[in-house]
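2 protein chains.
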Amino acid sequence: MIKKRLFTPGPTDVPPDVLNEMAKPMFHHRTPQFREVFRAATDGLKTIFHTEQEVITICGSGTAGMEAAIACATPRDKKVLVANGGKFGERWAKIARVYDLDVDEVELEWGTAITADDVKAKVDTGEYGAVIVVQSETSTATWTDVEAIAKVTRDTDVLLMVDAITGVGALPMDMDAWGVDVVASGSQKALMTPPGLAMVSLSDKAWASVDTIDAPCFYLDLKSYRTSLAKDDTPTTGPVNLITGLRVAVDMINAIGVETIWKRTALYAKALRTAAEAIGLTLMSKSPSDSVTALGCPEGVDVDGQFRKILKTTYGASIAGGQNEWKGKVVRVNHMGYTDPLDLVGLVAAMEFALSDCGAEVAIGKGVAAVAKVLKDWQ
Amino acid sequence: MIKKRLFTPGPTDVPPDVLNEMAKPMFHHRTPQFREVFRAATDGLKTIFHTEQEVITICGSGTAGMEAAIACATPRDKKVLVANGGKFGERWAKIARVYDLDVDEVELEWGTAITADDVKAKVDTGEYGAVIVVQSETSTATWTDVEAIAKVTRDTDVLLMVDAITGVGALPMDMDAWGVDVVASGSQKALMTPPGLAMVSLSDKAWASVDTIDAPCFYLDLKSYRTSLAKDDTPTTGPVNLITGLRVAVDMINAIGVETIWKRTALYAKALRTAAEAIGLTLMSKSPSDSVTALGCPEGVDVDGQFRKILKTTYGASIAGGQNEWKGKVVRVNHMGYTDPLDLVGLVAAMEFALSDCGAEVAIGKGVAAVAKVLKDWQ
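Sequence lines, in order, name chains A and B.
Using the numbering used here, the first residue of the first sequence is number 1, and each one after it goes up by one.
Using the numbering used here, the first residue of the second sequence is number 380, and each one after it goes up by one.
Don't take every hint at face value.
What the hints assert, rightly or not - Calculated lysine-lysine pairs in the DSSO-like style (CA-CA distance at most 30 angstroms, straight line):
1. 231(A) / 610(B)
2. 473(B) / 94(A)
3. 24(A) / 79(A)
4. 223(A) / 706(B)
5. 231(A) / 458(B)
6. 610(B) / 223(A)
7. 205(A) / 46(A)
8. 79(A) / 649(B)
9. 473(B) / 312(A)
As the list claims (entries may be wrong) - Computed spacing ranges between beta-carbons, pair by pair:
10. 702(B) / 215(A): 51 to 61 angstroms
11. 94(A) / 536(B): 26 to 36 angstroms
12. 703(B) / 251(A): 49 to 59 angstroms
13. 94(A) / 693(B): 50 to 60 angstroms
By construction, these hints were calculated from the structure, which means they are not laboratory data.
This structure is a prediction, so every number in the text was calculated from the model and none was measured.
Ideal Cβ placement from N, Cα and C applies to all residues, glycine included.
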């Protein structure tokens with residue numbers, strides 16, 4: 001009778017309405033029926049991305065979207081700056097090297113983000129063709145100020161390419177107004193759809209760069225997606241039921257308004273941080289993301305072997321552990337997408353119980369009271 | 380009250396049990412729960428592919444799997460022979476050119492297949508590193524004799540790479556025994572799962588080639604899939620519910636036995652061809668595939684504007700039209716995957732009705748009687 005609750009930062013929980021839509025009988029992708037759904041999903045994504053540009057959807061994991069952008073859009077004759085503050089920043093540097101780009105990888109201390117000033121110092125040298133940053137680095141739950149960095153790049157020839165995979169639909173993103181050149185996202189985070197779709201949107205400046213490059217790939221060639229999307233179509237067989245599911249999820253988001261969801265997600269983050277402090281967990285990031293939170297555990301608690309295991313098996317709540325240097329010390333909790341206040345109150349209760357089961361000193365009820373107080377302002 | 384019936388050659392109809400499995404609550408991919416499902420699905424695919432090798436599953440359309448094989452496995456220092464007998468053969472030549480391979484594209488008349496003798500003449504020159512053929516060319520419903528071609532390549536250094544996307548699970552494929560080096564497939568054909576997964580299996584000879592090549596891509600790098608699969612894992616976020624669905628579909632196939640399914644599919648093909656002849660439709664391919672059938676329509680029938688439209692709107696049956704030079708002249712009908720005898724009897728009835736509605740002379744009941752007679756031998 002213990003209910004399973006998914007608090008991992010991707011895949012995140014998926015609304016039953018999305019799953020049920022996907023369970024409807026299969027239909028063909030070269031039909032008006034598919035084109036209508038695909039166009040509706042795409043238009044919904046444009047609203048969420050805050051862009052007038054098309055949002056290209058690729059069947060693949062989030063990595064496929066970022067690779068498409070790196071392979072097809074990154075200027076070849078200049079350096080590319082990659083801010084590596086965790087597992088994903090590290091991955092973009094790796095991908096850029098696969099395409100023989102001249103990569104300047106800025107290694108950041110875990111839990112810190114690159115600043116607009118750091119970027120400006122590099123960009124001002126005139127040596128850079130692109131800057132790649134991660135809006136919300138999932139491995140460290142750390143937020144990068146994309147708006148500030150876009151102010152540095154927007155009136156230059158430099159492309160700003162943003163991994164917003166745990167950003168879009170959770171954290172403020174005003175692609176056109178800020179002047180971001182590439183925004184990449186994925187279905188399985190704040191977009192509340194199962195994993196399997198990557199989204200990429202490009203500015204006119206980024207498309208101009210794409211048009212100068214012979215794509216070094218076929219499946220991830222952004223030009224073929226652009227041509228197909230102009231006819232509400234996909235270049236190869238479209239992932240029909242992931243798209244029907246996405247359309248429902250996107251409609252749910254836009255019915256509320258993504259700006260309202262940004263505020264709610266920020267409130268959830270605040271509530272969880274406040275509660276965490278009340279039960280002896282510490283905020284790991286110096287620039288915390290509002291979509292996912294990384295929390296350090298008290299000395300003596302066996303994080304992966306006991307705390308997370310008890311949470312999952314006894315209380316049904318799945319949260320993620322730490323990676324690399326944070327492995328065994330940290331837990332990561334999702335509060336983007338299909339999350340509501342009662343989820344968080346329940347999760348904090350479970351964390352209190354499980355910490356106590358692990359032998360940590362916890363005043364049961366203190367965290368729950370703290371999270372409830374903050375969430376009272378929920379709208 | 381008209382029921383929708385999907386007879387397109389991919390996506391094909393998906394069993395309700397597969398869709399319902401996929402509609403279960405989301406769970407995380409880095410868990411024993413996912414690894415168990417992924418391993419079971421993979422082992423089931425190995426049985427279906429008739430191989431002891433691993434079967435790699437990539438989130439993407441079938442094209443992604445073939446591109447992974449071309450990009451990662453094709454020897455760079457020799458020519459690659461591509462048999463182009465339709466839209467897919469043409470695509471593999473395009474992809475090979477993206478990777479700067481020296482492509483010898485053999486253009487075949489539509490509805491014909493490359494023969495083992497054709498391949499032998501080329502391979503004997505010693506100039507070729509790989510041969511790419513399409514086991515079942517969906518655009519022309521044409522079958523290539525992979526077993527015979529494998530006899531030519533298996534004791535040479537030449538890799539035989541097979542697009543078996545509408546082959547695996549429908550047509551005989553004995554990968555290890557025949558000595559095929561690359562077999563690629565996709566979820567949305569005979570494997571009865573929604574579109575979004577590509578599968579690739581490689582022989583030792585093909586893996587040896589992979590190991591000599593620096594992958595020119597990241598997402599489609601077969602080495603990373605091999606490393607992850609050794610731990611029953613995926614290199615990036617796994618498409619959780621496509622995999623849970625695949626596992627159910629694969630279990631359904633193996634419960635019957637893929638060899639039995641090959642025989643049934645061949646019987647369905649025979650039944651449909653016999654019925655088609657009885658109602659004035661002509662078999663287009665000179666080497667017909669058993670997984671999909673292309674049929675020419677009588678003079679004067681408006682194939683796409685009337686015949687297919689009436690079939691779909693009045694009788695609920697979706698079939699595909701012709702492509703390129705066959706556009707407007709041909710229909711293509713799926714009989715692989717989740718198809719049963721009653722489906723085919725019903726479809727033939729609908730084709731009789733719709734042809735008659737289009738003004739063609741049809742003896743109503745003749746096709747139905749013909750299809751029923753052949754299907755009586757069904758097992």
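Could you tell me which of the hints above the structure violates, numbers in ascending order?
1, 3, 5, 6, 8, 9, 10, 12
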